[in-house]
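So the protein sequences, as listed, match chains L and E. Just remember that our numbering sits 31 ahead of the position in the first sequence, which is counted from 1. Just remember that our numbering sits 31 ahead of the position in the second sequence, which is counted from 1.
In short, the hints are calculated from the structure, not lab data. There could be a bad hint or two in this list.
Put simply, identical chains are the same to the list, so a pair is met inside one copy or across any two.
What the hints assert, rightly or not - Derived DSS-like pairs: lysine-lysine, alpha-carbon spacing no greater than 30 Å straight-line: (1) K274 to K368; (2) K132 to K66; (3) K279 to K303; (4) K275 to K88; (5) K132 to K368; (6) K83 to K275; (7) K66 to K368; (8) K243 to K66; (9) K83 to K198; (10) K88 to K274; (11) K198 to K368; (12) K198 to K275; (13) K88 to K132; (14) K274 to K83; (15) K303 to K83; (16) K66 to K275; (17) K132 to K303.
There are 2 protein chains.
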Amino acid sequence: MIIDCHGHYTTAPPALERWRQRQIAALSDRSMAPKTSELQISDDELRESIAKNQLQKMRERGSDLTIFSPRASFMAHHIGDFGVSSTWAAICNELCYRVSKLFPDHFIGAAMLPQSPGVDPATCIPELERCVREYGFVAVNLNPDPSGGHWTAPPLSDRHWYPLYEKMVELGVPAMIHVSTSCNPSFHTTGAHYLNADTTAFMQCLTSDLFKDFPALRFVIPHGGGAVPYHWGRFRGLAQDMKKPPLKEHLLSNVFFDTCVYHQPGIDLLTKVIPVDNILFASEMIGAVRGIDPETGHAFDDTKRYIEASALSTADRQKIYEGNARRIYPRLDAALKARGR
Amino acid sequence: MIIDCHGHYTTAPPALERWRQRQIAALSDRSMAPKTSELQISDDELRESIAKNQLQKMRERGSDLTIFSPRASFMAHHIGDFGVSSTWAAICNELCYRVSKLFPDHFIGAAMLPQSPGVDPATCIPELERCVREYGFVAVNLNPDPSGGHWTAPPLSDRHWYPLYEKMVELGVPAMIHVSTSCNPSFHTTGAHYLNADTTAFMQCLTSDLFKDFPALRFVIPHGGGAVPYHWGRFRGLAQDMKKPPLKEHLLSNVFFDTCVYHQPGIDLLTKVIPVDNILFASEMIGAVRGIDPETGHAFDDTKRYIEASALSTADRQKIYEGNARRIYPRLDAALKARGR
Numbered sequence: 032m033i034i035d036c037h038g039h040y041t042t043a044p045p046a047l048e049r050w051r052q053r054q055i056a057a058l059s060d061r062s063m064a065p066k067t068s069e070l071q072i073s074d075d076e077l078r079e080s081i082a083k084n085q086l087q088k089m090r091e092r093g094s095d096l097t098i099f100s101p102r103a104s105f106m107a108h109h110i111g112d113f114g115v116s117s118t119w120a121a122i123c124n125e126l127c128y129r130v131s132k133l134f135p136d137h138f139i140g141a142a143m144l145p146q147s148p149g150v151d152p153a154t155c156i157p158e159l160e161r162c163v164r165e166y167g168f169v170a171v172n173l174n175p176d177p178s179g180g181h182w183t184a185p186p187l188s189d190r191h192w193y194p195l196y197e198k199m200v201e202l203g204v205p206a207m208i209h210v211s212t213s214c215n216p217s218f219h220t221t222g223a224h225y226l227n228a229d230t231t232a233f234m235q236c237l238t239s240d241l242f243k244d245f246p247a248l249r250f251v252i253p254h255g256g257g258a259v260p261y262h263w264g265r266f267r268g269l270a271q272d273m274k275k276p277p278l279k280e281h282l283l284s285n286v287f288f289d290t291c292v293y294h295q296p297g298i299d300l301l302t303k304v305i306p307v308d309n310i311l312f313a314s315e316m317i318g319a320v321r322g323i324d325p326e327t328g329h330a331f332d333d334t335k336r337y338i339e340a341s342a343l344s345t346a347d348r349q350k351i352y353e354g355n356a357r358r359i360y361p362r363l364d365a366a367l368k369a370r371g372r
Numbered sequence: 032m033i034i035d036c037h038g039h040y041t042t043a044p045p046a047l048e049r050w051r052q053r054q055i056a057a058l059s060d061r062s063m064a065p066k067t068s069e070l071q072i073s074d075d076e077l078r079e080s081i082a083k084n085q086l087q088k089m090r091e092r093g094s095d096l097t098i099f100s101p102r103a104s105f106m107a108h109h110i111g112d113f114g115v116s117s118t119w120a121a122i123c124n125e126l127c128y129r130v131s132k133l134f135p136d137h138f139i140g141a142a143m144l145p146q147s148p149g150v151d152p153a154t155c156i157p158e159l160e161r162c163v164r165e166y167g168f169v170a171v172n173l174n175p176d177p178s179g180g181h182w183t184a185p186p187l188s189d190r191h192w193y194p195l196y197e198k199m200v201e202l203g204v205p206a207m208i209h210v211s212t213s214c215n216p217s218f219h220t221t222g223a224h225y226l227n228a229d230t231t232a233f234m235q236c237l238t239s240d241l242f243k244d245f246p247a248l249r250f251v252i253p254h255g256g257g258a259v260p261y262h263w264g265r266f267r268g269l270a271q272d273m274k275k276p277p278l279k280e281h282l283l284s285n286v287f288f289d290t291c292v293y294h295q296p297g298i299d300l301l302t303k304v305i306p307v308d309n310i311l312f313a314s315e316m317i318g319a320v321r322g323i324d325p326e327t328g329h330a331f332d333d334t335k336r337y338i339e340a341s342a343l344s345t346a347d348r349q350k351i352y353e354g355n356a357r358r359i360y361p362r363l364d365a366a367l368k369a370r371g372r
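With the hints as constraints, model all of the structure from the sequences given.
This is the structure:
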């Protein structure tokens, strides 16, 4: 089985975005805010938005199951306050849940949190619990910068985040560390902010002893780990200069990288540098890069092709495609086993 | 000849840091500010600080000439105002100039600018002109984020920066895009902020038409280009989705990457993905990573070893070591030729 650990609902019916625009327009006059019940999307609309997009590409490319979360760039935690984020997260998570019920063989949910700048992350726990316990979600997306490019939150190693980590460990769900839209004009969202956040999060882990406090906490760093594998020597050297243990011992029981790297040399570096047990197959399809690479004639984000062409043994490839995901997302493994897979 | 395009004066005599600490301590009471003349460093002290450090390692490792600029993390443009930065930049640049006079075969200067958050970059022009015309400096370090990790400046593509670019083009000096210390607790300086800035700067160029306005402007992106070469497919794809020309045509007459990547797989990827004409040898020695890699027994930042071990022809290696630098830094080439090299 091929499990894609990183897919967002980027193709939701346009009614969702219209509802959100009304919510944003009402920020200055909350009496104008749309009710949740005013968003009406039928199962047929959901089915169509998936069947002609993600599911069709999964079939074409040969992946089986996607860990599916709300559109990352639309989380926009910087907009409004906790109440605004809370309503928005609930709506987006419920849509992913409905997709997972409509296509139970192909999609399983990961939660968006109702984060808001300056607000205690513990406020996100009820939504996380609901998604895991009621919706069967197996993971969560954690935004290390709810300000959207101003980086005003404490580092991930700060006790600020600990209540959330305690709940994650209790529930047995890993977090993908994933920012949302940048509202800082310095940072292009998918070309700079996403990759910077990946590198930043890794370094926050490296400089801290977070995983001594939470040995069972697991972070997935998306987009191939940002700049990290390319600069693995730099990070090994920095850790050594700081008298930290070797990275393998210090971080690699808790930190994992996905394969959202959109060319062969990048995947070759990732699979050479990072231990195979720490790599999870992913494409972020349909996501940041949607075109065909003129150098290959195939979609940039058809990452399975790069994994297939890399110098990996069949056993290692199986770990990246399935084995690691079953280990790192125990609720995914349990859900699959419950369905006889 | 082997030219290292990225060296900072990280080993300046301790009197420099003590003077700076006095300058910072006097921020709230300018009458306490030390005079420039109170900083006394003899030629013997300068000689010793170089001969036992950078120059010794250059000889051991086999590089010949370093483009040498003030310590990047000490620029700290966020401290004080333009006056504070101006005095500090003048002092730091003069020390690099004195090093270049004491060791003219081995060091040539690159300027630090007296940038300050919110201040018009045109204010930096007199210092730049002085460094180039009086000190014979061949390049400049441009900080895209003088706020030190808060990213409050406009993108590099903004007209905000144009007066400086006009002067750079007139003088024929390229800019290394290099941030300084992060005072944002989210970003570790050398493990996150530096790499993020490299990626950010590249994406600011990609999304703009800056080099249509300045066809002769040249940027060197340090630290191997941050995350860029590892994600070259992503950047090619993003440019294509934005209807920009192919990256080679769009950016690679103006943007260059150094080789400050501290392990073999990273250098192998860089030299495979980026055209050889766009790669400049560099080590940033003595810099961010100072230890010995236990996997190789050699210094992490001895980047010449990786270039030697990479799959490059002798002609291509010569471009990376010397030819590209002579082309991209025309004042360096002229200075070398004037000395019969």
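Evaluated hints:
1. K274 to K368: neither (42 Å within a copy, 46 Å between copies)
2. K132 to K66: within (24 Å within a copy, 72 Å between copies)
3. K279 to K303: both (14 Å within a copy, 27 Å between copies)
4. K275 to K88: Between copies only: 26 Å across chains, 43 Å inside a chain, cut-off 30 Å.
5. K132 to K368: Within one copy only: 17 Å inside a chain, 72 Å across chains, cut-off 30 Å.
6. K83 to K275: The answer is between: 28 Å across copies meets 30 Å, while 49 Å in one copy does not.
7. K66 to K368: This pair counts as neither: shortest intra-copy Cα distance 38 Å, inter-copy 74 Å.
8. K243 to K66: neither (44 Å within a copy, 48 Å between copies)
9. K83 to K198: Neither. Shortest intra-copy (36 Å) and inter-copy (53 Å) distances fail the 30 Å Cα cut-off.
10. K88 to K274: between (46 Å within a copy, 23 Å between copies)
11. K198 to K368: within (24 Å within a copy, 66 Å between copies)
12. K198 to K275: Cα proximity of K198 and K275: one copy only (27 Å, versus 45 Å across).
13. K88 to K132: within (19 Å within a copy, 63 Å between copies)
14. K274 to K83: Close across copies (25 Å), not inside one copy (52 Å); limit 30 Å.
15. K303 to K83: neither (35 Å within a copy, 37 Å between copies)
16. K66 to K275: Close neither inside one copy (51 Å) nor across copies (41 Å); limit 30 Å.
17. K132 to K303: For K132 and K303, the Cα distance exceeds 30 Å both inside one copy (38 Å) and across copies (45 Å).
Figure legend: structure checked against the earlier numbered hints; hints not met, in rising order: 1, 7, 8, 9, 15, 16 and 17.
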